[in-house]
Every structure is written in C-alpha cells, then in structure tokens.
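Given the coordinates of chain E, assemble chain S onto it according to the supplied hints.
If you're matching them up, the sequences are chains E and S in order.
Residue numbers for the first sequence follow numbering that gives the first Met the number 0, beginning at 0 and rising by one.
Residue numbers for the second sequence follow numbering that gives the first Met the number 0, beginning at 0 and rising by one.
Wrong hints could be hidden among the right ones.
[Stated by the list, open to error] Only pairs whose alpha carbons sit at most 25 Å apart, straight line, appear in this in silico SDA-like list of lysine to any residue: (1) E/Lys132 to S/Pro177; (2) E/Lys132 to S/Lys159; (3) S/Lys159 to S/Asp227; (4) S/Lys148 to S/Pro177; (5) E/Lys132 to S/Arg53.
What the hints contain is simulated information worked out from the structure, not anything from laboratory work.
This one's a predicted model, so the numbers in the text were calculated from it and none came from an experiment.
Residues per chain, in single letters:
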Amino acid sequence: MSAMDGLVAAQIPRLRRYARALTGDAARADDLVQDTLERAWGRRHLWRAGTDLRAWLFTVMHNVFLNQQRGARPATDFVELDDGLPLPARPDGTDVQLELRDVATALAQLPAEYREVLLLVALEEMRYEDVAKVLAIPIGTVMSRLSRARERLRALTQAPGVPTLRRVK
Amino acid sequence: MSEEQAAVSEAELHAHVDGTLSPPRRAAVEAWLRAHPEDQERIAAYRAQNEALRALFDPVLDEPVPARLQAAARRSRARSWPGQLAAVAASLIVGVAVGWVLRGPAPVLPVLTADATLPRRAALAHAVYTPEVLHPVEVGADEEAHLVKWLSKRLDQPLKAPDLSGLGFRLVGGRLLPGGEKPAGQFMYENTLGRRLTLYVSTDLDGNRETAFRFAQERGASVFYWIDGPLGYALVADMDRGPLLQVAETVYRQISP
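Okay, chain E solo, but in the shape it has when bound (with noise of 0.2 Å):
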C-alpha cells in the first residue's frame, strides 16, 4: 500500500458521509464513493503531493456525480420511489429544533446543485473559497446557491404559514 493509498482511505468515511447525503441511498452512495475511488486512482498523476487531498476527492466525486446524473437514466430518482410525498411540518414548534425526518426528506427535494453546496458547508464545513474550487464554480454563485438551499430548506421544514420562532403578539 503506497503513501496515497493509506491517505486516500483515510478519506473514505468523510466521502461516504457526503455521497449518503447527496444520494439520500445507502447502497447509491457507496456506488458513488467506489466510482470515485477507482477514478481517483486512474487519475492519481493528476494529485499534487502536499495539496489538499480532500478537496482534490470531492473533486472527483462531483464530477462522477455529474456524469451519474447527466447518464441516460430517466427513472432512477429513488427519493421519489421511496416514501412519497414529505411529512407536513409540524405547527407546534417554538423552538428551531428539526425534525430530523423532515430535514432528510427536504434534502432530497433540493436541486443537486444546491445539496452539494449545503453539504459540502454544512457536512464538510469546507471554506466557501474551496466549495468553489472542487465545484468548479464562481465563489458568488456557491453563495447564491448556498442563500437559496437554506431557505428553501427551511420553507421546506415549516408548516405553510407557521413560521417557527415568530411571537405571537
């Protein structure tokens, strides 16, 4: 097992948390996080040694992402084959705390272009600047995406005209 290897499979937990998020499928994720791996060692020559190996993964992964997503499979979104229509939200709450179910099923409702971003803060608590990077995106854009996951998360997780923190006056 070479140096790279041993740092490479450090990373996997990280890279199988994220693709479990982004897939929202146990199974599908770890398809994910194997394309990866095996593209990462087809393109090893490509990583610089002392660089962010991280980032240079999540690199890969996003790009095998986006050719899993642009591949000619019309009928394989799972989040829809799965549980349905989302839970309403529930109106008694005053505090923030989330129902973890309805955050999941909210995720998987969120455009991928923005689940990335979300994850990759939220989970990777990557910098801004590094989303940017391994996206291959404009830093004004991960902020926009960014701006828009989360609220259209939380309009997601909210009953329709219960915001959760408001008083009642």
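For chain S alone, kept in the frame of chain E given last:
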C-alpha cells in the same frame, strides 16, 4: 445603527452560521442580528439545519467501511457493481421486457421462454440484493445451520449452502424470496474484494427437466443455471463465463446427492 452594522452582507450572515467570521466581524453581525429579529430567526434556523444534517449523517463516519471500498482505495481494478439500485428499479418496472441472450447448448433465443424464468428471477434477485450494504441477507452466515434448515423447510426440499472458500468466496448468508408459485431461496457469497455472487434455488421449474448447464447474461451479470432433480439452481455473478463456470462446477459437485 453604526456603519459597520449597515455593512453586514448576506454572505457574512452565512459565514456567521458556519462560524467562519473573524471576531470583529462576528461582533458586527451579532449587533446586526440584535437589531433585526427576522434575520436572527433565519440564522437560527440555518444553524439548526447544520445541526440536523450532522445529526443525520455523522453516524456514517462510524460505520465500518465496506471491503469493496477499502479495496478500491488500494488500487483495486474491481468493476463497479452493475446492479445499481437505479437500474434495478427500471428493470423491476420493465420486468419481462428485459432482453436476454441465451447461449450454450441451446440456440440463441431472442425472446423469453419458460426456461428463462429461472435465470431471470435469479439475476433480478442478484441485482436487488448484492448492492445492499446494511442488509444484504436476511440470515447471516453465523447462523448457517439455521439458515439452511429454514430455507429447506420453506422450499420443502433439503438444501445445502455450498462451501466456496476454496475459490475465495465466503458465505454472507441468505434469504427467502418470492418465486413464481412457490418461494425461492438465495445464498450470497463474497470475496475479500467485496465481490459478491449469489446462488438462487427454486422448485418452480415450469416443467423443465433439462439437466445441462446453461448460460445467460444480462448487462454485466453472468448466470449459469441448471436443474438438479426437484430443484433449479442459478448462479449469478459479475464475472466472465469461464471463471463463473468453475464456480458452477464446484457448486454442482457439492450439492449433488
């Protein structure tokens, strides 16, 4: 309101959520939020989102890494599993429309015939369950005796789980499946690279009593199937015909009475 407060941007609000602001800017943003309850509420919601996402997905970090991924990180050339659930969903829907090419002793049959039912069901079950990470089998190999006894009872035939360790495949376990009229069983095996093969056993033979090995293929998966007395067997793997035949012969020798 100070100049600094007025200058708080949307990007800084997000940076505040993510805890990446410098201390002076953080103070400015906090002052802004005190003066703008709607933003404060929004930022609290975004923070709760971050927490919820971590609560949902951080547990993945503690899961054992599947062998196939460890192998892939170490320059394995193993192909990706063809039975991605996505493809499976499509094949479940189109079902019978799946195109099969039968080879071997029989002439090429472009359409499904009764004796293609066995390999088709076996390949579908293979594609559905081999990508499973958490629940690939119903009963694990640690309860092998119970598994074999249970499946034998449900299929109403004495079964054996062949020992393929000589070929590098260990038993993962098995499950009961719906067949046509009667239940069927599936044994799953895995090698150290995480490559899986399945042995599908059925008593639903549609009157077919031919005993030759027959070979079928769909997408990446190869199937050898044969009839042995009251039972039909189908061995499925993402392997070339040659290596799979070797496994099929081993299985056949072990299970023949």
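Practice task
Decide if the proposed pair is consistent with the structure: E/Lys132 and S/Lys159, CA atoms, cutoff 25 Å inclusive.
Solution key: violated (55 Å)
Handout entry: Restraint check for E/Lys132 with S/Arg53, where alpha carbons must lie at most 25 Å apart
Key = Distance of about 23 Å is within 25 Å: holds.
Practice task
Verify the proposed pairing of S/Lys148 with S/Pro177, using a straight-line Cα cut of 25 Å.
Solution key: Holds - the C-alpha atoms of S/Pro177 and S/Lys148 are around 18 Å apart, at most 25 Å.
Problem - Given pair status - S/Pro177, E/Lys132, alpha carbons within 25 Å - result: Roughly 49 Å between the alpha carbons, so the hint for E/Lys132 and S/Pro177 is violated.
Handout entry: Distance restraint between S/Lys159 and S/Asp227, which requires alpha-carbon spacing of 25 Å or less
Key = holds (13 Å)
Of the numbered hints given earlier, the model fails hints 1, 2; all others are met.
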